[in-house]
Amino acid sequence: MGHIICIASLKGGVGKTTTAVNLSAAFASGQNRTLLIDCDPQGSASMGVGISKKKLTRTLYDALVGTTPIEDTVHDACAEFLEVIPARGEFFRAELELISKPGKERMLRNLLSNIRNRYDYLILDTPPSLSLISINAMTAADTLVIPLQCEYLAYESLIQLLRFIRLVKKNLNPNLKLAGVLLTMYDMGEKVSHQIADNARRHLKNAVFKTIIPRSVQLREASGLGKPLMLIDPDSVGARSYLELAREIVERGKNKSLKLET
Amino acid sequence: MTKVANTQAIEKATNDLIENVKKALNLKEIKQILEDQHNLEISDDIEVNNGEVIIHNNQIVYKMEFEVLLSLSVLLDGQGDYIPPEDTPEESIEQLGSQAEDIVRHM
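Order-wise, the sequence lines are chains A and B. Here the first sequence stands for residues 1 to 262, numbered as in my numbering. Here the second sequence stands for residues 1001 to 1107, numbered as in my numbering.
Isolated chain B (complex conformation) (with noise of 0.2 Å):
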């Protein structure tokens, strides 16, 4: 196969793409977006890991991946077996609570 350009130059103009993509995300938004997709609420900011381009419904599109801090908890018994979760109802308005006030604040 005949080479017509520089690999190294081509494969570090898209990284140089998917870093100022980077430098260009709205962060606060993108944390937004996450906690709704998936229900939840992140107890920190998020960090933007990789990015990749990839095609997305015959377009050309940036997927972006982030890390976030979650703070997540199993119970298990003396035996190892695991105990499902059985909230009391002050631990979950404790957590509704919690919930709303972080939307509140944010309104």
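Just chain A, with the same shape it has in the complex (with noise of 0.2 Å):
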């Protein structure tokens, strides 16, 4: 059965996309079945791994809104191993045409219980909010894999972030797991991200990734060319990051249940 970790932050800008596109095409390289779900209606992941939104007909709104089986909205990505399944504006509609309905906080994971066996990895992106769509991402999660730009402001939706986090697993997930923090747009140069990266493992211990993503032009520039930087340049360190950042989880997903190192 196919393992589902949700990227999740509160806050925009975080590498949040990116790290789910170029995740995703990591497990797909190493020949592994990888499903990218896009749970944001700007549907950055979605032009992430080559979809054209304008071309699109059927996306994941459809299947939420019971229009559509589930199956029948996951389109053929950039890469081998790799399917998608889009969204884009109309999702913005999603949780107001959900709000109302009984089970809302578990659609998507019972939709994604119809097609898990066919994946050895689905991503979900999300949107940066603590919405109705948040909350079925991470209620149809395994674990949680949750980007830490190295900057303060970050650190204080981290905070709030977990508290949520908190909740879901209370009251709608038990066996949601922290996969791990990952400390994303690390600049070797810039003291903040020292003191944020050095804070994180001090108090966070083992439930931050051992690999880092640093700052890297590349990769904001292959979201813009609808592909991940592994299929653009695989010996990039940014393209190398995410090799070493889906390994690791892998090794994570051995030892089943992280606890923290005291």
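Everything labelled a hint here was simulated from the structure, so no lab data went into it. Some clues are possibly wrong.
In the DSS-like style, the derived pairs of lysine-lysine whose C-alpha atoms are separated by at most 25 Å in a straight line are [said to hold, decoys possible]:
(1) B:K1028 - A:K177
(2) B:K1003 - A:K170
(3) A:K169 - B:K1028
Two chains, two frames, some hints: make the complex.
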């Protein structure tokens, strides 16, 4: 049964979609059947794997409102072993349409149960908000990857997110586990990057991935080209970082649950 | 007014009821609720102080009061004037790190 990973952050621009896209590509490059699920109406993850939103006829919205089977919303992406369920603007309406439905928090989980057997990894890219869609994603997930941009404000939003996750775990998904906190946009030349990374490792210990994603122009540019960086420059630092992250997640998965070292 | 029951017996029964409610409380959960309600991190175990039976939204409920240990401080200068807090980024990061650690530890 495929492992469902939710990439979550309350703050925009922290490398969430970049992580979803490039981590998906990293899993796929290891011949793991991978499904990227775009839960953000901005549809950036969809574009990041080569989907043209204008040509789409079926998206995650159609599956969530019940007009299309989830299987029919799956599209081929830009790499072998990689598929995507895209999203675009109309996904904003999903929130309003789901709000009055019974079991509204578990709709995505129920939909994915029909297809998770087909994949080794299912990656959920979420919007930067505490929305019903975010709750659905966390309720559907087995583990969470939390990108933490190496800046002060991002650290503040991490606390809010952790509190939110605690509520979701308590009320909706007791099996939800933290795969890890991922340090992103790390700049070796910036004092604040060192401060955040040192502090996170000291307090959160093994809850922080060993892998660090550096600030990278190449990663930013790749998303604009509709391809994961791995397909453009597999030897680049950014591409290698995500391969390393994929390996680390696989290793952590073998340990099943993460306990904070003391 | 005609007395129809022993006052002391009623008081004792009420006190016993409150004592039993106190024993049944899940203090770990309540600590969590208080932290979430008031957006604070409680540094020690909480203790239940008093309890009383009240009417809330047309039903009989138990109002329990707790004593919590909080470490708080204020700054004042040589003239005795209050100095508002001005966290350095390092102090902010340290506080946030501690908060995150506490939450992750209990997840």
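Status of the hints after comparison with the structure:
1. About 21 Å separates the Cα atoms of B:K1028 and A:K177, which keeps this hinted pair within 25 Å; it holds.
2. Proximity of B:K1003 to A:K170 is assessed by CA-CA distance (about 50 Å); at most 25 Å being required, the pair is judged violated.
3. Taken as a hint, the A:K169 and B:K1028 pair is honoured in the structure, with Cα atoms around 16 Å apart against an allowance of 25 Å.
Hint compliance for this structure: hint 2 is the single one not met.
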